[in-house]
Structures are given as C-alpha cells and as structure tokens.
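Residue numbers (the working numbering), protein chains in the order written: chain Z, 1 to 383; chain D, 1 to 232.
Rather than coming from a laboratory, the hints here were simulated on the basis of the structure.
All values reported here derive from a predicted model rather than from experimental measurement.
All C-beta atoms, glycine included, are put in the ideal place defined by N, C-alpha and C.
Among the hints, erroneous ones may be present.
Unchecked claim - Some chain Z residues close to chain D (C-beta under 8 Å, calculated; not the full set):
no., residue
1, Y117
2, P121
3, E123
4, K294
As the list claims (entries may be wrong) - Covered stretches of chain D (in silico footprint by chain Z; criterion: 3 or more residues with CB under 8 Å from a CB of chain Z, positions within the stretch not fixed):
no., stretch
5, 94 to 102
6, 174 to 183
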Amino acid sequence: MKYFFLVFGSLKRKKVRTLLTCLSIMVAFILFGYLIAVKQAFSQGVDLVGIDRLVIRHKVSIIQFLPESYKDRIEDIEGVDSAVFATWFGGIYQKPTNFFGQMPVDPEPFLDMFPEYILTPEEKQAWMSTRAGAIAGRALADRFDWKVGDRIPIQATIWLKKDGSQSWEFDLVGIYDGAERGTDTTQFFFRHDFFQESRQFGSGRVGWYWVRVSDPEQAPEIARRIDEEFANSPAETKTETEGAFVQGFAKQIGNTGVIIMFVLSAVFFTILLVAGNTMAQAVRERTAELAVLKALGFTDNSVLGLVLGESILLATVGGSFGLGIAWFLISRGDPTGGTLPFFYIPAIQLLVGFSLTILLGLVAGLLPALQARRLQVAQGLRR
Amino acid sequence: MNEKDGMLVRAAGIDKIFKRGSEEIHVLQGLELEVPHGDFLALMGPSGSGKSTLLNLLGGLDRPTAGAVEVGGQRIDKLPQRKLAAWRSRHIGLVFQFYNLLPTITAQKNVELPLLLTHLNKAQRKKQAEIALSVVGLTQRSRHYPRQLSGGEQQRVGIARAIVTDPTLLLCDEPTGDLDRKSSDEILQLLQNLNQEQGKTIVMVSHDPHAAARARRTLYLDKGLLSTEPVQ
C-alpha cells in the first residue's frame with residue numbers, strides 16, 4: 001500500500017488518456033454485463049430444470065400432437081410417478097410483439113409437477129373453481145400491469161373457438177412467483193378443460209407431456225421404456241430430460257452461448273490492445289523516471305510491480321465502474337420489455353467480471369512492465 | 001563498512017568500453033581514483049570525457065568493463081543486480097542535472113521516495129522527509145508539485161531526496177548545469193555546507209570552474225585518465 005501514491009500519481013500524469021482508457025474499459029464491461037445477462041436468459045432454463053422431470057413429445061416434431069389418452073398409459077410405466085400434459089397456444093395479446101408463452105394445463109397435477117411456481121392457497125382455489133381462470137407469472141403481470149381480477153383477451157393464431165372466433169378471454173385468478181430467482185415467471189397458464197371444450201379442432205390431442213420419475217438416475221431407462229411403449233403407434237414419442245428439451249428449444253435460435261462468447265472475446269481482445277497501448281506509451285514516456293527509481297534503489301522487480309500495479313488499477317477502476325453500471329441498468333429491467341424469461345447478472349458472474357478486470361490489467365501491463373524491468377539505469381538516465 | 005586508509009572510494013584499473021555497432025569506444029582506460037572520507041571532489045573535463053560514466057560506476061549504476069570499484073570497503077562491481085540496488089539505496093545519494101523529480105507527486109513525496117525502501121513507517125518517513133527539506137530550506141514548499149517550484153528549488157528538493165537516507169557518498173552530476181548564477185551559488189553553498197558541517201563525502205561532476213572552485217579539490221578527466229591539472 002505504501003507504493004499506492006506512486007501508482008496513482010503515474011495515472012494522473014496524462015489525465016485525459018487515463019480517462020479515455022478507463023472509459024473504454026468501462027464500456028467493455030457494461031457490454032460484458034449485458035451479454036452475460038442475455039446468455040443467462042438462454043441458459044437459465046437449462047440450469048434450473050427439474051432433474052426428475054422428463055418431456056415426452058411426438059417423435060417427428062414438437063408441433064405434432066400426442067393423444068391425451070397417453071396419460072394413463074404413461075403413468076402405468078414402471079418408474080413414472082406422474083404425468084401432465086400441455087399444449088402450445090401461441091396467441092397474441094394486443095399486438096404480435098407482445099410475445100409470451102401461453103399453455104392450457106390441468107391445474108392441480110400441473111402445480112404438483114412444478115412446485116417452483118408459487119401461488120397462494122386462495123389463488124389455487126380460485127383457479128380450480130374458475131373454468132376460464134388463468135394464472136400469469138409475476139414478470140409477465142408486471143410487464144402488462146395485470147392485476148388479479150383482470151380479464152385478459154388473447155387472439156388465437158392456431159386455436160379457433162367452436163363458433164369460429166379467434167378471441168379467447170381469460171380471468172386472471174392468480175399471479176405466481178418463482179421459488180428461485182431464475183424461475184421463469186413470464187408464462188401464462190389456463191385450464192385444459194376450458195380449452196378442450198372451447199376449441200374448434202384437435203379434441204383429445206395435446207402438445208407434450210411432462211413426466212416426473214421416481215429415481216432421476218433411472219431417467220434414461222424410463223425414457224426408453226416410454227418410447228418403447230408407444231413404438232409403432234400412429235403417434236410415436238421421443239422422451240428426453242427436461243434439460244435436453246429446453247436446450248433444444250433454445251438452440252432453435254442458434255447457439256447463443258457460442259455467439260455471445262465470440263462477441264465477448266472480440267471485445268476483450270480489442271480492449272486489451274487499447275489498455276496495452278496506453279501502458280506501453282506510459283512506460284515509454286517515463287523511461288527516465290523509472291531509471292531514477294532504479295537509481296534510488298528500487299529493484300527491477302519492484303519497478304515491474306509498479307507498472308503492473310498501474311495497469312491493474314486502471315483496468316479494475318474502469319471495469320468495476322462498468323460492472324456497476326451494467327448491474328444497475330440490468331436490475332432496472334429487460335431491454336426487450338419482458339420477452340426474455342430471465343434478465344439479471346448472477347453474483348458469481350460479477351465476481352468473474354471483476355477477476356477479468358484484474359486479468360486484463362495483468363495481461364495489458366505485462367509487456368510494458370517487462371520492458372521497464374529490463375531497463376538499464378545508466379541508459380535510462382541518459383534519455 | 002570495511003575501508004582501509006580512510007579511503008571511502010577506491011577505483012583501480014577501471015576500463016569502460018561502450019559498443020556502438022561494431023565500433024568500440026574506450027571511455028575510461030586504466031583509471032585510478034581514491035576519495036577519502038569527508039572529501040568534496042570536483043571532476044571536470046570536456047564533454048564526452050567520461051565524467052558521468054565514472055560517476056555512474058562509483059554509484060553502482062553501471063559496471064566497469066575491467067577493474068574494481070570499492071566503496072566503503074565493499075566491492076560493488078561484483079555485486080548482483082538485486083544486492084547492488086539495495087546497497088545503492090543505503091549508501092548513495094544522487095543529484096542530477098535536470099533534478100529528475102517525479103512530476104505527479106509533491107516535493108515531500110519525492111523526498112520520501114528512497115525511504116520507501118526502508119522499514120520506516122509512514123509517520124517516520126514523513127518526519128525524515130521534513131527534516132531533509134528543512135536542511136535545504138524548503139519546509140514551506142513541501143506540498144508543492146515540481147512544476148510549481150523554480151529550477152533552484154527543484155534542485156534543492158533533489159538534494160533533500162539525496163540526503164534523506166543519510167548516505168555515505170553523495171554523487172552530483174552537473175548539479176548546477178541547468179541553473180542561473182544565483183540559484184547555482186545557493187546550490188553550491190548547500191553542498192559545501194553538507195560537506196563542511198555534516199561531513200558528507202561528495203563527488204561532483206561539473207563543466208563550470210566556478211562550481212569546481214567550491215570543492216576541496218578538483219581532478220580533470222581526459223582521454224579516459226584523471227590528472228590534477230587541466231588538459232590544455
């Protein structure tokens with residue numbers, strides 16, 4: 001710490017250059033924060049899925065339907081605890097850009113299958129007793145400023161009603177919270193029996209099943225048994241873990257993780273060049289000063305330490321401001337207006353970001369620091 | 001310290017050769033020098049005669065191509081780099097022609113720099129620096145940055161930095177070379193006081209006969225050798 005004034009003093013030497021470099025690093029780390037939050041949004045679903053849940057879909061595609069009658073047969077398979085079905089509704093609320101998932105489900109088994117969706121007992125009761133009742137996640141309700149008791153009109157794009165109309169109306173009876181921070185609260189669930197009696201076609205058909213298994217370690221074996229059960233039927237199945245299912249869904253828009261890591265690598269490489277150039281210039285300009293320090297008795301390694309300290313200080317100050325601003329802006333909400341199911345930076349990623357600032361400072365300062373270390377006193381004093 | 005005959009500095013058979021491409025430049029050739037304790041020696045000579053090179057060798061800032069340099073009984077030309085740096089911080093005070101103060105820290109902090117290499121705590125370092133600044137008469141300017149000081153004041157800060165660790169030997173490379181006559185006289189008076197009142201041993205390189213006249217004795221360097229008479 002006793003050398004801090006020296007390190008800080010060196011950064012004050014060219015204030016504008018220091019400020020601009022600091023700002024570049026700050027912007028890079030704001031970008032880091034946002035990209036990590038977006039990556040999190042796509043990977044969180046995979047991370048938080050139930051390890052004891054499987055998903056059964058039609059072998060050909062998710063858009064092919066399965067018979068509702070499979071439920072009893074699935075539950076009879078050894079190792080299966082329970083099964084619930086759901087169907088993709090795909091309606092529009094007010095305008096097409098207001099995207100969110102809407103699914104008809106059987107309330108009671110559905111809530112048993114997903115204990116991470118938390119409703120009050122009153123809300124649960126209201127959903128059981130209201131045929132057109134629906135529940136929305138907290139994030140979704142906040143996004144559209146919905147309150148319990150609101151009537152939610154949704155225009156169907158697939159499922160016309162028996163009278164040929166596209167307009168479905170639901171009574172919002174509950175708003176569920178997530179058990180964990182990353183639990184998806186952007187979805188909308190309504191009752192399957194209401195859906196079943198109102199839809200014009202597809203009666204007795206559902207989109208997919210969720211299955212709870214008694215022993216997660218037996219999941220691959222149980223999945224095989226399920227698929228065998230329906231082999232050679234008109235609706236063959238493909239059973240996979242919920243994690244694989246969610247991952248497959250996310251990959252429909254591309255491997256976001258790889259894209260984000262590629263962008264981040266490019267950003268950090270660029271900022272490394274900027275910071276490295278700043279430090280190289282700073283050391284070149286101060287050759288005589290560094291030689292004086294050595295002449296006074298500073299060792300080669302202590303001069304190396306001073307230059308590295310300067311570089312690390314520059315990177316950590318800029319980077320910490322960047323991370324702080326990213327955290328502040330991200331905590332104010334998803335820039336897409338709620339389309340992403342999760343949008344936040346986990347604390348561990350902030351820690352990773354801070355470690356990256358130190359690493360950036362180290363790498364950017366390494367060559368100039370080695371140059372300063374090699375400096376010969378007599379030669380340096382002559383410059 | 002383990003010196004014999006009261007000699008603080010002993011340089012024997014010193015050669016210094018610089019290489020410029022394939023060309024070899026013999027700056028010092030078999031140079032012999034002895035400086036007793038309490039001496040104030042002025043080294044004069046034309047530009048390029050090797051005065052500063054000799055000073056660098058005496059201060060352990062450079063190594064001779066051949067020969068031995070002993071200061072306070074310590075053979076310094078054989079010391080490894082790390083030990084040489086530590087030795088310099090304890091035994092050598094350096095005063096430069098262009099002061100070489102760090103521009104981003106105050107006079108006080110500049111003077112404290114050599115003390116960072118000691119075990120003194122912050123308060124002790126501050127006190128020592130204040131004492132050194134008072135010796136050079138700059139107590140009131142301790143919080144000023146180098147750019148806020150005149151040339152003479154900056155050189156006095158440089159001298160305070162050189163004496164703050166109470167070194168055995170003070171090496172001054174053209175300490176008045178960048179100053180006007182009045183400031184130059186003040187600096188020379190200060191060096192003379194340090195020599196006469198505090199017994200500091202000083203080796204000063206200068207072009208200026210007026211400056212050299214303040215020293216106890218003067219040696220002239222030419223063609224790599226020292227003599228007591230100026231070269232015609």
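Now for the hints, and whether the structure bears them out:
1. Taking 8 Å as the C-beta cut-off, the interface hint given for Z:Y117 is violated, the closest approach to chain D being about 59 Å.
2. For Z:P121, the interface hint is violated, the least distance from its beta-carbon to any beta-carbon of chain D being 64 Å, above 8 Å.
3. A hinted interface residue such as Z:E123 counts as satisfied when its beta carbon comes closer than 8 Å to some beta carbon of chain D; here the least separation is about 63 Å, so the hint is violated.
4. The criterion of a C-beta within 8 Å of any C-beta in chain D is met by Z:K294, whose closest approach is roughly 7 Å, and the hint holds.
5. Closer than 8 Å: that is the beta-carbon criterion, and the stretch 94 to 102 of chain D has 4 residues meeting it against chain Z, so the requirement of 3 holds.
6. Against chain Z, the stretch 174 to 183 of chain D contributes 0 residues with a C-beta closer than 8 Å to a partner C-beta. That does not satisfy the three-residue criterion, and the hint is violated.
The structure does not agree with the numbered hints 1, 2, 3 and 6 stated previously, though it agrees with the rest.
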